[in-house]
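There are 4 protein chains.
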Amino acid sequence: MSKALNIGMVGYGFMARAHSNAWADVAHFFDTGYRPVLKAAAARNASKLRHFAGMWGYESIESDWRTLVGRKDIDAIDICVPNDLHAEIAIAAAKAGKMVLCEKPLARSEAEGVPMVEAVEKARVPNMVWYNYRRVPAVSLVKELVAKGKIGRVFHYRAKFLQDWTISPEVPQGGAGTWRLDVDAAGSGVTGDLIAHCLDTAIWINGSIASLTAMTETFIKERKHVITGEVQKVGIDDAAAVLTRFQNGSLGTFESTRYARGHKALYTLEINGEHGSFAWDLHDMNRLQWFDHKVDGQLRGWSSVLVTDGDHPYLGKWWVPGLIIGYEHSFIHQVADFLEGLNTGRPAAPTFRDALETTRVCDAIIASGKSGQWVNL
Amino acid sequence: MSKALNIGMVGYGFMARAHSNAWADVAHFFDTGYRPVLKAAAARNASKLRHFAGMWGYESIESDWRTLVGRKDIDAIDICVPNDLHAEIAIAAAKAGKMVLCEKPLARSEAEGVPMVEAVEKARVPNMVWYNYRRVPAVSLVKELVAKGKIGRVFHYRAKFLQDWTISPEVPQGGAGTWRLDVDAAGSGVTGDLIAHCLDTAIWINGSIASLTAMTETFIKERKHVITGEVQKVGIDDAAAVLTRFQNGSLGTFESTRYARGHKALYTLEINGEHGSFAWDLHDMNRLQWFDHKVDGQLRGWSSVLVTDGDHPYLGKWWVPGLIIGYEHSFIHQVADFLEGLNTGRPAAPTFRDALETTRVCDAIIASGKSGQWVNL
Amino acid sequence: MSKALNIGMVGYGFMARAHSNAWADVAHFFDTGYRPVLKAAAARNASKLRHFAGMWGYESIESDWRTLVGRKDIDAIDICVPNDLHAEIAIAAAKAGKMVLCEKPLARSEAEGVPMVEAVEKARVPNMVWYNYRRVPAVSLVKELVAKGKIGRVFHYRAKFLQDWTISPEVPQGGAGTWRLDVDAAGSGVTGDLIAHCLDTAIWINGSIASLTAMTETFIKERKHVITGEVQKVGIDDAAAVLTRFQNGSLGTFESTRYARGHKALYTLEINGEHGSFAWDLHDMNRLQWFDHKVDGQLRGWSSVLVTDGDHPYLGKWWVPGLIIGYEHSFIHQVADFLEGLNTGRPAAPTFRDALETTRVCDAIIASGKSGQWVNL
Amino acid sequence: MSKALNIGMVGYGFMARAHSNAWADVAHFFDTGYRPVLKAAAARNASKLRHFAGMWGYESIESDWRTLVGRKDIDAIDICVPNDLHAEIAIAAAKAGKMVLCEKPLARSEAEGVPMVEAVEKARVPNMVWYNYRRVPAVSLVKELVAKGKIGRVFHYRAKFLQDWTISPEVPQGGAGTWRLDVDAAGSGVTGDLIAHCLDTAIWINGSIASLTAMTETFIKERKHVITGEVQKVGIDDAAAVLTRFQNGSLGTFESTRYARGHKALYTLEINGEHGSFAWDLHDMNRLQWFDHKVDGQLRGWSSVLVTDGDHPYLGKWWVPGLIIGYEHSFIHQVADFLEGLNTGRPAAPTFRDALETTRVCDAIIASGKSGQWVNL
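Chains as they are written, first to last, in the working numbering: chain A, 1 to 377; chain B, 1 to 377; chain C, 1 to 377; chain D, 1 to 377.
Quick caveat, the hints were computed from the structure, so don't treat them as lab data. Hints may be right or wrong, so weigh each one.
[Stated by the list, open to error] Pairs of lysine-lysine, PhoX-like flavour, derived with a Cα cap of 20 Å:
hint : chain 1 : residue 1 : chain 2 : residue 2
1    : C       : K294      : A       : K294
2    : A       : K370      : A       : K221
3    : A       : K317      : B       : K48
4    : B       : K148      : B       : K294
5    : A       : K72       : A       : K95
6    : C       : K294      : B       : K264
7    : D       : K294      : B       : K294
8    : C       : K48       : D       : K317
9    : C       : K317      : D       : K48
10   : A       : K317      : B       : K264
11   : C       : K370      : C       : K233
12   : C       : K294      : A       : K150
13   : B       : K72       : B       : K95
14   : D       : K150      : B       : K294
15   : C       : K317      : D       : K264
16   : C       : K150      : A       : K294
17   : A       : K264      : B       : K317
18   : A       : K233      : A       : K221
19   : C       : K264      : D       : K317
20   : C       : K95       : C       : K122
21   : D       : K264      : A       : K294
22   : A       : K48       : B       : K317
23   : B       : K150      : D       : K294
24   : A       : K264      : D       : K294
25   : B       : K294      : C       : K264
26   : A       : K233      : A       : K370
[As the list claims (entries may be wrong)] Okay, the calculated bits of chain A under chain D, using three or more residues with CB under 8 Å as the criterion:
hint : stretch
27   : 147–161
28   : 208–217
29   : 252–261
30   : 273–282
Where a beta carbon is used, it is the ideal one built from N, C-alpha and C, also for glycine.
Full structure from sequences and hints, please.
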């Protein structure tokens, strides 16, 4: 008989929906021994919270996350609020002995993240950061195969995350919908929001980054605040490009922007090794591009592998070959692994500590963008 | 306050999972005023049924669908069993005053389907057949735009549904997993299983078919029965190709096979009109290929539209631009429309009557495959 | 030292340019022992002929092809005029002891083609029909590999040739530029012009066709004659679709139209066998799509092979890997093989006799399009 | 009547073939008033030179380029030898009053290139550097449309040139076939060979680069010399990645390597502007990817424009829509423009002076790769 796991959600926005869906669906497909229960949701905006809780069937709501953290009937706190609130909530939740799941990035800076790591480790509570793209099956497959040595020595890793939603100077900053443009709430722009995803995957697959240099830019220097209407300086990086050296000797390039017209959420990655290469992009997330140098010459080429077969990561739990899954499935997989980790005692990654490394690299990008210097990590 | 709708599921297989998921998820995303409840599931195999019901949280189980149909607390019967059982269950459910949702094809033949249509119409119960691909957003968008005259006069419609899972002569026929190869259970092979999907979409988008000629083939003439091990004649069509004339004067080509090595569930469609063309395929179901002849010449080309924006059909309910959805979402959309239809009194299509036309065309394909003659519809 | 081969060209249009280019370029890349010389060109339109001959450096011109055929200094006659003139010229050239190279299709009908075959065979002159697509390297590679058994038993062959240039009713028929719409000059519409290409390749790769049924259509029933302005009935097939059974038991589908908006010269072919599949299209002619079922399951997929390596057919003569070739190279390759055939005494295919089979199948398509019956070949 | 232009070719390798083909073919397609004549070829290796001259029909050969430069009957010197020989030959040719066409890069360094520019300008001889990719029609179209303001303010430019042919440590350096790995002959590795192409196009389309920082790497530190067999230090950059700021305020990223398994000559470029974006790659060089933000939302997408229509740059001279051209056509177009420039007096770009800017940026890349500092240009 599966065991109930009572979830306390903080937030009601886009990420809160993606996480709620994962908690609600996981037990229909993955037999982990746990049955998540959408126990309570907390937020200050009462009418939005009520609507959210109603759609998802949360059993109760709280207007203050502190009350939620204090409730005895909550097993895990899921943090889906702007970055500037992560630390306080996570530390309080850990102190209250709750499992803590925090939306990425862990924190606005390494300095802010360190006490979070200390808190969950001191409290010995299961903890995880929602770098969901690791659990896209095609990406998981790259990780598995690179780890097995399929491509041999790695020479290059490159990743981009391109969007185009802030090109208009009319887009405001601040508030619920556009806090990602407000440096106080977000910590940084595309670096913490998008490159952080690229870095998490890169470090997972290709190991730690040894050094980097970066270029950052803010194309639109002033925007109105969404609530006050006041024209403010823009403090975030609209775009960032990074050159890196990995500890394994390979070279990396990373780029992100919200000014690449025509791209919505184009997270792409490619890794080139001695014996082969993999490439993937989020818009066609069920496909893995694979070049196998060992194939006989005349028929050597890039294969477009439709990652929907039963022997592909996670796919045995879904439909039949040829039928694709979507964005939200990466969250369901992450929850499945988290629950599996509770069973086995081997925590699902990335933990808070794992995610701290990504935040450290983000800090280095912002610093290098200002100094123009290489930074050793 | 949303109203409960109690679902009685018949079956526990692949389709029962896809439908259950749709019932379970729909209210998290679509505010239709209804809240489906997974009330009971029925099947003869008790252990498989128990596992299925446990994963999905069905409140109770029944070993006989007749008992399920007779239960007062069931509002809708959802039929997810082999084709030879559709008619009896559907007619009984209609007589019991239940809403009836039947997996496609409606029946093994038009003759078998007619009393089903009569039963639901006589009982005046809401009814629907699960031709789910209409609700893939890119396909829905084609329907909308063709109906608005975006491509003008239509010249060509072509569709294929290619698979490769029965190439080995070792694949058996009959039983739970391979009933689709057993002509008694299935009625036909690729015609009723796959071309039926193509026909449903084609008729919806491009209108009725006036006449057709077909070629059918059974490549592997004998297979073992999965349970008895007895070598039997194969009665289904392994492959079928069809030439059609639509009532609007356009030409159609349809093909399906389970012997196209490398294709898993490659449903493709293309429609060519005076002013433009659309093309789509299921493996990349979130993309719509669109050629607009009205674009200035130098930059005229096929556009790959990523159908994930808020103004695309159904997508406003999901995530944000660039983040794709999967196969099962087509079922969620169909349920959403079904529930909406209950609200508005305008039934969601395809109804049993709509689906009967598709079955009639399937009959004509099988007949023409034998006679070599054109058949008028 | 290479031997001169004096070419006598009949015509000055699009095809005459493609052939002239092949004759002019071949010796720069292929060391066949022959050096084609653009000796003379013949046509009735003196000003156009002079311009054509000037651009290509033909040494002389003739206003009558009969004079050209009669010239002692001409070794080979290359026929690049409308289909209704093929037979007379080819037969006269053969009688005059010239090698004869004829643009496809061989003739407007099998009946017209038979005496052509007889003439070249009686005269024992080298002869060839310009079905150039066989010599696209990716297509040649498919032929080689299918012949070697790489894909095992073949189940399906499908080909299409889609264009969109006659959709407007304002396009006239007849004359130099639009004789392809004039049934008297062309013999048929898309069947002889485009499906003929598909058939030539199909028969070469997959063997003879045993039987077929076809649907043909003329969408625009009347057009003005380009010269007289008179409104005439359109006699050609604007579109044709064909179902075939090959002698090897595989099924074929063929389709062509000039009403597929967005497609310019989209010749596509696909062949599905037990162990793998190939697909190719002319718009991306340097790429071969290849599915190898023998690849380990997790990484099985369609490979996009860029056919530009030194071990690919013909490519060793061109540039370096990754650098593509174009449409006209297929003609250069055909000339290279023709010259090689002169050397070896093993004539390059397709000869007139080979091409007669394609014309026979074209006849059957037109007949079946009228009768609605299957035709045995 | 067209005027003869006598070409004196220095070299017989891959580039000499591509250029010879351009000279030989141009007058068949472009009516510029000039008729290039392959007058003489010069090189030290007599047997290779004889074979080369024989294939292409050069009228005579010379064992020393100095003799060639001194010949009265030569109008233009075409330099197709390793980079370390460019300067001496070009300067001598200019002094002799010859037109000079030099394979790219202009020189191994800006310092070496300056006297070359001075020589041709002092002698007032037509001069050009063979950055052929400007004349790929799709690339030319990007230039035209960006210049017309089609995409508005530019935010990003990114280019890569990826190869994989030096991954094996067994590849030697030095000599005729592998001089590109010898820093003395080549000046640099991928920077001068491949990034130089990317830079030439980028500066042409998006204007000058203001500053940059770069990372360079030599993966394989020692190689055998191809002739002596001696193990030597490798002095070239195997890979380079660059971050740039353009003078127009946009950001650039450039990367090149010969260690990207699976890529042969993958030159890709993308430019993102306020109203749209273009992307292109050399492997599919006839296609231009285009995103038009002004298209109505539901059908907005990336268009794959097949650049083969009569109204596309250069294409009116070739075949018919849908029929592609190849790599060598870019050289034919460059020759056509060069000849046109002789007619009009407006020299075809890039001239030596234009190309000097690219070499200056290459120098900065190599310097920054060593220093780790940003370099202002």
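We went through each hint and held it up to the structure:
{"no.": "1", "hint": "C:K294 <-> A:K294", "verdict": "14 Å, holds"}
{"no.": "2", "hint": "A:K370 <-> A:K221", "verdict": "16 Å, holds"}
{"no.": "3", "hint": "A:K317 <-> B:K48", "verdict": "16 Å, holds"}
{"no.": "4", "hint": "B:K148 <-> B:K294", "verdict": "16 Å, holds"}
{"no.": "5", "hint": "A:K72 <-> A:K95", "verdict": "13 Å, holds"}
{"no.": "6", "hint": "C:K294 <-> B:K264", "verdict": "16 Å, holds"}
{"no.": "7", "hint": "D:K294 <-> B:K294", "verdict": "14 Å, holds"}
{"no.": "8", "hint": "C:K48 <-> D:K317", "verdict": "16 Å, holds"}
{"no.": "9", "hint": "C:K317 <-> D:K48", "verdict": "16 Å, holds"}
{"no.": "10", "hint": "A:K317 <-> B:K264", "verdict": "17 Å, holds"}
{"no.": "11", "hint": "C:K370 <-> C:K233", "verdict": "17 Å, holds"}
{"no.": "12", "hint": "C:K294 <-> A:K150", "verdict": "18 Å, holds"}
{"no.": "13", "hint": "B:K72 <-> B:K95", "verdict": "13 Å, holds"}
{"no.": "14", "hint": "D:K150 <-> B:K294", "verdict": "18 Å, holds"}
{"no.": "15", "hint": "C:K317 <-> D:K264", "verdict": "17 Å, holds"}
{"no.": "16", "hint": "C:K150 <-> A:K294", "verdict": "18 Å, holds"}
{"no.": "17", "hint": "A:K264 <-> B:K317", "verdict": "17 Å, holds"}
{"no.": "18", "hint": "A:K233 <-> A:K221", "verdict": "6 Å, holds"}
{"no.": "19", "hint": "C:K264 <-> D:K317", "verdict": "17 Å, holds"}
{"no.": "20", "hint": "C:K95 <-> C:K122", "verdict": "9 Å, holds"}
{"no.": "21", "hint": "D:K264 <-> A:K294", "verdict": "16 Å, holds"}
{"no.": "22", "hint": "A:K48 <-> B:K317", "verdict": "16 Å, holds"}
{"no.": "23", "hint": "B:K150 <-> D:K294", "verdict": "18 Å, holds"}
{"no.": "24", "hint": "A:K264 <-> D:K294", "verdict": "16 Å, holds"}
{"no.": "25", "hint": "B:K294 <-> C:K264", "verdict": "16 Å, holds"}
{"no.": "26", "hint": "A:K233 <-> A:K370", "verdict": "17 Å, holds"}
{"no.": "27", "hint": "147–161", "verdict": "holds (count 4)"}
{"no.": "28", "hint": "208–217", "verdict": "holds (count 4)"}
{"no.": "29", "hint": "252–261", "verdict": "holds (count 6)"}
{"no.": "30", "hint": "273–282", "verdict": "holds (count 5)"}
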